[in-house]
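Residue numbers (the working numbering), protein chains in the order written: chain A, 1 to 55; chain B, 1 to 55; chain C, 1 to 55; chain D, 1 to 68; chain E, 1 to 68; chain F, 1 to 68.
Heads up, some of the hints might be wrong.
Stated by the list, open to error - In silico DSSO-like links for lysine-lysine, alpha-carbon gap of 30 Å or less:
#	chain 1	residue 1	chain 2	residue 2
1	B	LYS30	F	LYS63
2	B	LYS14	D	LYS26
3	F	LYS26	E	LYS26
4	B	LYS19	F	LYS63
5	F	LYS63	C	LYS19
6	C	LYS7	E	LYS63
7	C	LYS30	E	LYS22
8	E	LYS22	D	LYS5
9	A	LYS15	C	LYS30
10	E	LYS3	C	LYS30
11	E	LYS22	E	LYS3
12	C	LYS19	B	LYS7
13	A	LYS19	E	LYS26
14	C	LYS30	B	LYS14
15	A	LYS7	C	LYS7
16	A	LYS15	E	LYS26
17	B	LYS30	D	LYS30
Keep in mind the hints are simulated off the structure, nothing from the lab. These numbers come from a predicted model, not from an experiment.
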Amino acid sequence: AQELLTKMSEKCFKKCISKPGTSLDNSEQKCIAMCMDRYMDAWNLVSRTYSSRIQ
Amino acid sequence: AQELLTKMSEKCFKKCISKPGTSLDNSEQKCIAMCMDRYMDAWNLVSRTYSSRIQ
Amino acid sequence: AQELLTKMSEKCFKKCISKPGTSLDNSEQKCIAMCMDRYMDAWNLVSRTYSSRIQ
Amino acid sequence: AEKQKAQFHAQIHEFNELCWDKCVDKPGAKIDSRTETCITNCVERFIDVSLLITNRFAQMLQKGGEMH
Amino acid sequence: AEKQKAQFHAQIHEFNELCWDKCVDKPGAKIDSRTETCITNCVERFIDVSLLITNRFAQMLQKGGEMH
Amino acid sequence: AEKQKAQFHAQIHEFNELCWDKCVDKPGAKIDSRTETCITNCVERFIDVSLLITNRFAQMLQKGGEMH
């Protein structure tokens, strides 16, 4: 899962942290959590779509 | 040639498929074919330019 | 240092050469030199920040 | 089989990055059906494009000889 | 130790690319304090985000079992 | 020699991606001379930039000692 975590961190950092401040504020933390859930939704969807295609 | 095919697929998908639909329509297929030809033109040109420079 | 040089070349080429001409003109050469210094400043700063965080 | 599994996972990561960038603008509280359709179509069409390119490339090699 | 050092360097390159793109617009004659602050915060927050995601992922695995 | 060939090909791919993004807007029915000139210059100038940076880096090491 290492690569998933690395990519997710990069993508969600780019989406949620437009101006990095001195700490992660509340709205940034919420955004990261949502982004993470959506990234895994997408990952599962991609995985299912690709699997059913190559069978 | 695997890497060439991978990169070509990525670059041409980005250029030609702005909104992925339920199938590749005719104009998208034509765009992909043209993009592929141009990508190989570019590749050959880059290859010649680089070769003549390092000789 | 190979990877540093490769990344620096890419990033500074993108920042300084908007339209590649028949040679590197004077202002492009100055821009590259400045960009290189700043890239190494950034690299050192990132390196210090990361080191102090993981200690 | 191990190698195939690794290749499969590498593909998923590649597709996911590409289709995430294409289909997800602002991540919301739930994945909406439009994003879902976009991602499914994105993966399907990317596979179509890869196959189209690979087949056409094979034909070119047969007709015109080697590239370099 | 060699492997750890290589990993450390790979991380620096990754952070540097990300924070360079976020913080440096046009490289000037000196690094200004605003860019310096931006880079420091960028690295710190990126580490925060990675930790947040890794911990939350570990919790999800414990609660909900395996992914996919 | 095998390793050198692989390195040569990796370079071509890198240059091609960079110069494709810089020079090709919409791929047309033929490559036009403007795009051709742009690609040739792009490769040449990228090599110039790499050499400039590599030489300047070597000088800095000699003068100022090691980095970081």
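Results for each hint:
1. B:LYS30 <-> F:LYS63: Distance of about 56 Å is beyond 30 Å: violated.
2. B:LYS14 <-> D:LYS26: 20 Å, holds
3. F:LYS26 <-> E:LYS26: 28 Å, holds
4. B:LYS19 <-> F:LYS63: 54 Å, violated
5. F:LYS63 <-> C:LYS19: 33 Å, violated
6. C:LYS7 <-> E:LYS63: The given pair, whose Cα atoms are some 41 Å apart, is violated under the 30 Å limit.
7. C:LYS30 <-> E:LYS22: Status holds; Cα separation ~23 Å.
8. E:LYS22 <-> D:LYS5: 35 Å, violated
9. A:LYS15 <-> C:LYS30: 34 Å, violated
10. E:LYS3 <-> C:LYS30: 37 Å, violated
11. E:LYS22 <-> E:LYS3: 29 Å, holds
12. C:LYS19 <-> B:LYS7: 24 Å, holds
13. A:LYS19 <-> E:LYS26: 17 Å, holds
14. C:LYS30 <-> B:LYS14: With a Cα-Cα distance of about 34 Å, the restraint between C:LYS30 and B:LYS14 is violated, given a limit of 30 Å.
15. A:LYS7 <-> C:LYS7: Holds, at roughly 19 Å.
16. A:LYS15 <-> E:LYS26: 22 Å, holds
17. B:LYS30 <-> D:LYS30: 36 Å, violated
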